[in-house]
Amino acid sequence: MAKMTLEDLRKLRNETQTEIQRRETDGKSVQIIVGMGTCGIASGAKLTLDSFITELKEKNLAHTTIIRQTGCMGFCANEPTVEVIAPDMPKVIYGNVTPDVAKEIIEKHIIGKTLLDKLIIDYPSVDVVKK
Amino acid sequence: MHYTICELIADLTQNAIEADAKVISVRVHETETELSFEIQDNGKGMDSETLKKVRNPFYTDGIKHPNRKVGLGIPFLIQTANQTDGTWHIDSQKGKGTKLKAVFSLSNIDTPPLGCLTSLFRQILSFPQNYEMNIERIKETKNDSKNYSISRSELIEALGELETVESLDMLRTFLESHEE
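Those protein sequence lines, which keep their order, are chains A and B. Note that numbering that gives the first Met the number 0 numbers the first sequence so that position 70 is 69, with each residue one more than the last. Note that numbering that gives the first Met the number 0 numbers the second sequence so that position 97 is 96, with each residue one more than the last.
For reference, chain A alone in the conformation it holds in the complex (with noise of 0.2 Å):
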C-alpha cells in the first residue's frame, strides 16, 4: 500500500458519509471507556482497545460507538478496566477485560442487553476509596 495522503484520508472518510450516520444514531450511540493508566497498560489495555475497534467494525457498530480512554480509574488490582455506557442498560465498570472479554462484552452487553455479572466490579480499591 503506498502512503496515504490526508487528501485520501479525507475522501475515504466522506466514501463512508460518517456524519449523516451519527446525525441518525444521535442519542443512540454505545460509549466504551478503557483505562490507560500505568496500570492498565501493563496487563494489556492496548490490546482490548484494538480488540474493540477489529470487533465493533466487524459487528457494524462502528458508526454508533464511540471509545475514549482515560487514565487509572482505581482498579489497578483488576485491570484493564472498561466502563461501557449503552442505551437501555446501566452503566458499568468490567474488569479483567482481556481481548476475548472485549468481543463478549460486545456481543452480550452491547448486541444482547445483558450484563456480564461476574466482570462487574462494584466498588473502588480500598487503597483508593475507605469504605
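Quick caveat, the hints were computed from the structure, so don't treat them as lab data. Heads up, some of the hints might be wrong.
[Claimed, not checked] Mimicking SDA-like on lysine to any residue, the simulated pairs with C-alpha atoms at most 20 Å apart in a straight line are:
#1 B:Lys52 x B:Leu71
#2 A:Lys2 x B:Thr117
#3 A:Lys2 x B:Ile149
#4 A:Lys2 x B:Arg171
#5 A:Lys10 x B:Glu153
#6 A:Lys10 x B:Lys52
What you are looking at is a predicted structure, and each value in this text was computed from that prediction instead of being measured.
Start from chain A and add chain B according to the hints.
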C-alpha cells in the same frame, strides 16, 4: 517492566497528557542497533525536588488517588534502561514542561520487543483531551532511510474527532500505510 517499548512510550505520553500539555512531540528513531524516543510537552512540569522523587516507585503526587502509595511510570523507564544497558534522561521545569529521552540497544537480549507502533500512535493520538501532538518517526537501515511526520490537528481536520470506531479504524489504515 512493560511488555514492549511501545507500552512504555504510551505510559510516558499519557503522563504528558495528564500534565495538561497543549503541545506534545513524540519522536521515535530506529536504527538497526538502537531504538531511541523523545517525548516533549509543555505541561505543568516538575521542580527539581519532585523530579528526584518520581524516580521512586513509592512516590506519587497523591492528587488523583489520595490513598495510593505507588507511581510506577518513570520507575518502569528507569528499570528497563538499567536492566538493558539503555540510557534515559528527563529535564523538567515547573510551569514550562518536561522533556524525556531514552535510548535502548536492540541487540541487548533483555531489551523488550518494540511492539506495534501503529497501534501506539493511534492510541496516543486519540485521548479525549484537547492537545496538539506531533509525531516524527524515523527508521534507518544500512541502505535505506524512511521517515514521516504526522500531526493530530491535521488528522482531526481530515477525520473529525478521533473517537468513533469508524475514524479510529481509518486512522489505523492511514498509519499502517506509513509504516509499510
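- Item | Restraint status (C-alpha distance of lysine 10 (chain A) to glutamate 153 (chain B) at most 20 Å) | Holds, because 14 Å separates the two Cα atoms, which is no more than 20 Å.
- Message: Checking one constraint from the list: CA of lysine 2 (chain A) to CA of arginine 171 (chain B), max 20 Å. Satisfied?
- Response: Judged against 20 Å, a Cα distance of about 12 Å means the pair holds.
- Message: For a C-alpha distance cap of 20 Å, please report whether lysine 52 (chain B) and leucine 71 (chain B) respect it.
- Response: Cα-Cα ~12 Å, so holds.
- Item | Given pair status - threonine 117 (chain B), lysine 2 (chain A), alpha carbons within 20 Å | Given that 20 Å is the threshold and the Cα spacing comes to 13 Å, the pair holds.
- Task: Take the C-alpha atoms of lysine 10 (chain A) and lysine 52 (chain B), compute the straight-line distance between them, and say whether it is at most 20 Å.
- Result: Outside the cut-off at roughly 49 Å; violated.
- Query: Given the hint that lysine 2 (chain A) pairs with isoleucine 149 (chain B), does the C-alpha gap stay at or below 20 Å?
  - Reply: holds, 12 Å
Consistency with the previously given hints fails for number 6 only.
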